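Student: Knowing the structure of chain A, use the given hints to seat chain B on it.
Top to bottom, those sequences are chains A and B.
One rule links them: number in this note's numbering = place in the first sequence (from 1) + 945.
One rule links them: number in this note's numbering = place in the second sequence (from 1) + 1025.
Don't take every hint at face value.
[To be verified] If the Cβ cut is set under 10 Å, some of the chain B residues that face chain A in the computed set are: (1) Glu1156; (2) Arg1160; (3) Arg1170; (4) Glu1193; (5) Arg1198; (6) Arg1201; (7) Ser1202; (8) Leu1211.
Derived by calculation from the structure, the hints in this document are not laboratory data.
None of the values given here were measured: they were computed from a predicted structure.
Ideal Cβ placement from N, Cα and C applies to all residues, glycine included.
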Amino acid sequence: MTPDTWKEIKRIFDAAVELAPPERHVFLDSACPDPAARREVERMLAADPDTSLDESPLSHFAFDEPSRLVGTRAGRYRLTGEIARGGMGVVFAAVRDDGEFQQKVAVKLIKSGLQTETIARRFRHERQILASLEHPHIARLLDGGVTEDGLPFYVMEFVEGVPIDAYCRARDLSLDARLELFRQVCAAVSYAHRRLIVHRDLKPSNILVTDAGEAKLLDFGIAKVITHGDGNGGRETATQLGLMTPDYASPEQFRGEQVTTATDVYSLGVVLYQLLTGELPYDLTGLRLDEMLRLVCETEPPRPSRMMTGGRSESAGSEFETRPLEGQERGKRGSGANPQSLKGDLDNIVLKALKKEPERRYESVEQFSEDVRRYLEELPISARPDTFSYRASKFVKRNRVGVLAASLVFLALIAGIVGTTYQARAARRERERAEKRFEQVRKLANNVVFKYHDAIADLPGATATREMLVKDALEYLDNLSQDAQDNPSLAQELALTYLKIGNVQGEAYRANLGDSAGALVSYRKSVEILEGLVGKDPANVGHLKNLRQAGHQMALLLVRLQRWKEAEETGQKVLDISRRLVELDPNNQEYRILLVRSYHVKGETMEFSGGDEETAEWFRRAVREGEETYAKNPADELGRRSLATALQRLGTRLEFRAEHLREVGAPEAEIMPLYVEAEGLHRRTVEMSEALRRDFPQVEVYSRFVAAASINVGTAMARVGKGEEGKPYILRALEILRAISARDPKNNEAKRDVAETWQYMAFARDAMGQSGEAVKANLESVRILEEITTNDPSNFEFLKQTHLTYNKTGDIFLKQGKRADALAYYRKGMAYVARMSTLNDNLQIAVLRSESNRKIGEAHLAIAAADDGDSGALAEARAHLLKAQEELINLRRRNELGKNYEHKLALISAELEKTARPAVP
Amino acid sequence: MAEELTAGVTGLLRQAQRGDRAALDELLPLVYRELRGIASRQLAGERPGHTLQATALVNEAYLRLVDQHSVDWRNRAHFFSIAAETMRRVLVNHAISRRSEKRGAGATLLALDEAADLPGRREIDLILLDEALTRLAELDREQARVVEMKFFAGLSNGEVAEVLGTSESSVKREWRSAKAWLAAQLA
Chain A
946 MTPDTWKEIK RIFDAAVELA PPERHVFLDS ACPDPAARRE VERMLAADPD
996 TSLDESPLSH FAFDEPSRLV GTRAGRYRLT GEIARGGMGV VFAAVRDDGE
1046 FQQKVAVKLI KSGLQTETIA RRFRHERQIL ASLEHPHIAR LLDGGVTEDG
1096 LPFYVMEFVE GVPIDAYCRA RDLSLDARLE LFRQVCAAVS YAHRRLIVHR
1146 DLKPSNILVT DAGEAKLLDF GIAKVITHGD GNGGRETATQ LGLMTPDYAS
1196 PEQFRGEQVT TATDVYSLGV VLYQLLTGEL PYDLTGLRLD EMLRLVCETE
1246 PPRPSRMMTG GRSESAGSEF ETRPLEGQER GKRGSGANPQ SLKGDLDNIV
1296 LKALKKEPER RYESVEQFSE DVRRYLEELP ISARPDTFSY RASKFVKRNR
1346 VGVLAASLVF LALIAGIVGT TYQARAARRE RERAEKRFEQ VRKLANNVVF
1396 KYHDAIADLP GATATREMLV KDALEYLDNL SQDAQDNPSL AQELALTYLK
1446 IGNVQGEAYR ANLGDSAGAL VSYRKSVEIL EGLVGKDPAN VGHLKNLRQA
1496 GHQMALLLVR LQRWKEAEET GQKVLDISRR LVELDPNNQE YRILLVRSYH
1546 VKGETMEFSG GDEETAEWFR RAVREGEETY AKNPADELGR RSLATALQRL
1596 GTRLEFRAEH LREVGAPEAE IMPLYVEAEG LHRRTVEMSE ALRRDFPQVE
1646 VYSRFVAAAS INVGTAMARV GKGEEGKPYI LRALEILRAI SARDPKNNEA
1696 KRDVAETWQY MAFARDAMGQ SGEAVKANLE SVRILEEITT NDPSNFEFLK
1746 QTHLTYNKTG DIFLKQGKRA DALAYYRKGM AYVARMSTLN DNLQIAVLRS
1796 ESNRKIGEAH LAIAAADDGD SGALAEARAH LLKAQEELIN LRRRNELGKN
1846 YEHKLALISA ELEKTARPAV P
Chain B
1026 MAEELTAGVT GLLRQAQRGD RAALDELLPL VYRELRGIAS RQLAGERPGH
1076 TLQATALVNE AYLRLVDQHS VDWRNRAHFF SIAAETMRRV LVNHAISRRS
1126 EKRGAGATLL ALDEAADLPG RREIDLILLD EALTRLAELD REQARVVEMK
1176 FFAGLSNGEV AEVLGTSESS VKREWRSAKA WLAAQLA
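So that you can see chain A by itself, here it is in the shape it has in the complex:
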């Protein structure tokens, strides 16, 4: 768009908004020939928040002063007095005036956005059909036409009566009497529906009740005549509604969608709601059209019973209402309705008629009426409350459109559950019912946290919603856990739910909430509950297994948080439980595999106090246990998988150890055997993985096993100077992982795998002395990583990987003597630390930042050295190295620095020494 076209669009828009909505498109036809501009104007008109109902209907002078019309004629009828006026026009009492016979009738002069001729034509078209409606509860249509003043009108049987709501109020009808009266209305509507006539504008003022207590429906089918057609899209909505009473309009009418018999079901639902509670389901007073639309189309009305007790403020949550209405309570209902009697069945009946989706309402008015009858006769009704799953899936669906709007709906839903929980407490004496509530809330927490969390997890902007979701779910769980003491199965559910919530909060390798502290709290609660259960029932292997699992997750999280003491304790507990399980049933394959995994956990938790050596020792035990298990049952898939994993982990650990030894300058004689052993372990892992892949080709993870193991072999060989031999292994991994990624192009993790493989390739090339190739491989990796971090800017792991790759590229440049390039790449790496620190501010970042500073410092040192002690570079080097040192010292002071970082401090100190040397003249 250019400023000029915008000016033109504005001009057209300004003119169009002054017109009534129905006139706008006629105007646009002539004023706006350019289709693109027209689309823009129409979008703006549709979005225009100021288009309110007051502005839309045409006002005709006649309607400003209806009394002026008394005494004038409409066709053969003389108007004798005004009866009522409404959105559609003014109703007059009239008598037939042509000498035939004196019949009192009602004449309605129509106010419509449509042109008179259109109405007249449509009316002629529909008249026959409408006149054919002959039913004791339908006011007959007698005639219609256009007055001499050019106003369309129609003539109906005159009904001496008052609107149904006023009638009920005035006579203070009992609940049963109201329902009976309502069924009369249903009968009439149902009759018309069988003749394929939809009322479209059912509301109390169209439902009169005579002195004799007979209901009479007015204006059947008229709405269709005097409004735009249906189903033609949003443009007509305003008109359609402008002439009607929005209070009773269905969501499809608000949206300008197809009007069907289900539309009448909805409006009848509103009428019934009002008859029962005296209130409308939605308070639309003072709202603009767009606000009404949102309210009616997107929010649930309060249950009628709730409306009577608390009013609107306590809305929502309706779906969890069970049917507490007991026989004796129903017997009690006397005059009018009391909230108790509305609870349960009547709530469900009304809410079913008020469903947003036409297809979820009663299929027919007859069915609706039938449910009312069944209620009156105390029979079971057909309407059921929504299931939670339904609501939540609806929520998720809306989420796909806009998380922002949906989060509010979700909170409303949550508020409802809180209410329900509270009610559950109040009804504690009814133990059975209370337990049912538990069941519901448990399901809720499960669904919320697992099903829906996962469904929205990948949506942009969903994090805030997910966070609220988790917070609320936790609140219920905390409430519940007080009541779970004497209910072991509930306690167990709770523990597992806490565990899963913990995963959601802190899981490392997904777009998680990154709330490690919160995750820890949840894990701890889970462990606590499970320990209680185990204490009461020590031989229960189910509880033991759950406790082991919870401890396992918690231990790994503690390691990540570098809370070593607790981590060690928890790791030991996990190991103890697994050993106990194996003792209880030594031949149980599953327990043996759990023991293997527990050795891994134990190893991870020992890294701080035991260092690489002891850690590796635990992984060695895992392999031994894995070998034994495998030997006992060589065909078992899980046993094979478990051993393959153990082999790989030990291999990797040995490499860590070797790497560390190399960094601290240990003799090669000590280092080499570790690499050689690692290579052997990795080769074995490749073999086992290939076999698994062959035997279970449909399991993708085995392909990844092969790839990972191949990479390990390739890099291990590169380390011991057999890079050329190792290269095909890495190429093989690349091939497998690229194929996986190609099958799922949107999967960032799969892309990351490919990027990572390029880094291993770079490593191998570098080790082979092919630094040019190494740089190329690294840049390929970076290219993919940049793409991923753009797709998913808040994924910590992706950012970290990018950071590390830039650093590695810098390392290679530095070795090549390309100092300026090295510096540039280290700085890029540092930029990613900055990006990470906006997501998270934990120890890991401090370590990474220190590392980046050290590398930048080193690059400056190299520059200074090459430039005969360039004092500027030396100062830069010193500043960065000091920062690097400070960060590590701070960590050490807080006792949060892992053993492996001590030598880094020494390294930094040594480098600082160099910067302190006076510049060579």
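Tutor: Chain B only, in chain A's frame:
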């Protein structure tokens, strides 16, 4: 607030209003600093979904910075028109930083009141709004200013007209089409 500063700002405001460009340049950083201070105090305790009243913020800044006795309402309007752009920057920056924060990494919701009869009184994604407003400015600078002043500083049509030297009805017209366009963009 030091009296000295208040007097200074008030004087600068008067000069700026008379078209003194230098005075305006001096004024802007003062307003920005003050607004940011107030905003960050208020936003510090902000939870997701917390309601933030842009207009109230600007008003607070005005009360702190300007000597109420020696300026008339035109000065107020002028101050607010200056503050509007600043406010937009403060809020959008905040929204962006919040978006990337560890917790609450969703888009910042901002419920606006008074001035904010923008699309359906629902929460606006500020960052999207800011982007849309930038696009609008490319089409019509002055119209974007109208939105800024009304939305971010809560000026009335009359005040905006005064600042821009145009008529109230023209502001009303521009505001309506801008709102409709923005609403369509944000829908």
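Student: Hints first: check each against the structure and report whether it holds.
Tutor: A quick look at each hint next to the structure:
| no. | hint | verdict |
| --- | --- | --- |
| 1 | Glu1156 | violated (14 Å) |
| 2 | Arg1160 | holds (9 Å) |
| 3 | Arg1170 | violated (14 Å) |
| 4 | Glu1193 | violated (15 Å) |
| 5 | Arg1198 | holds (6 Å) |
| 6 | Arg1201 | holds (6 Å) |
| 7 | Ser1202 | holds (5 Å) |
| 8 | Leu1211 | holds (8 Å) |
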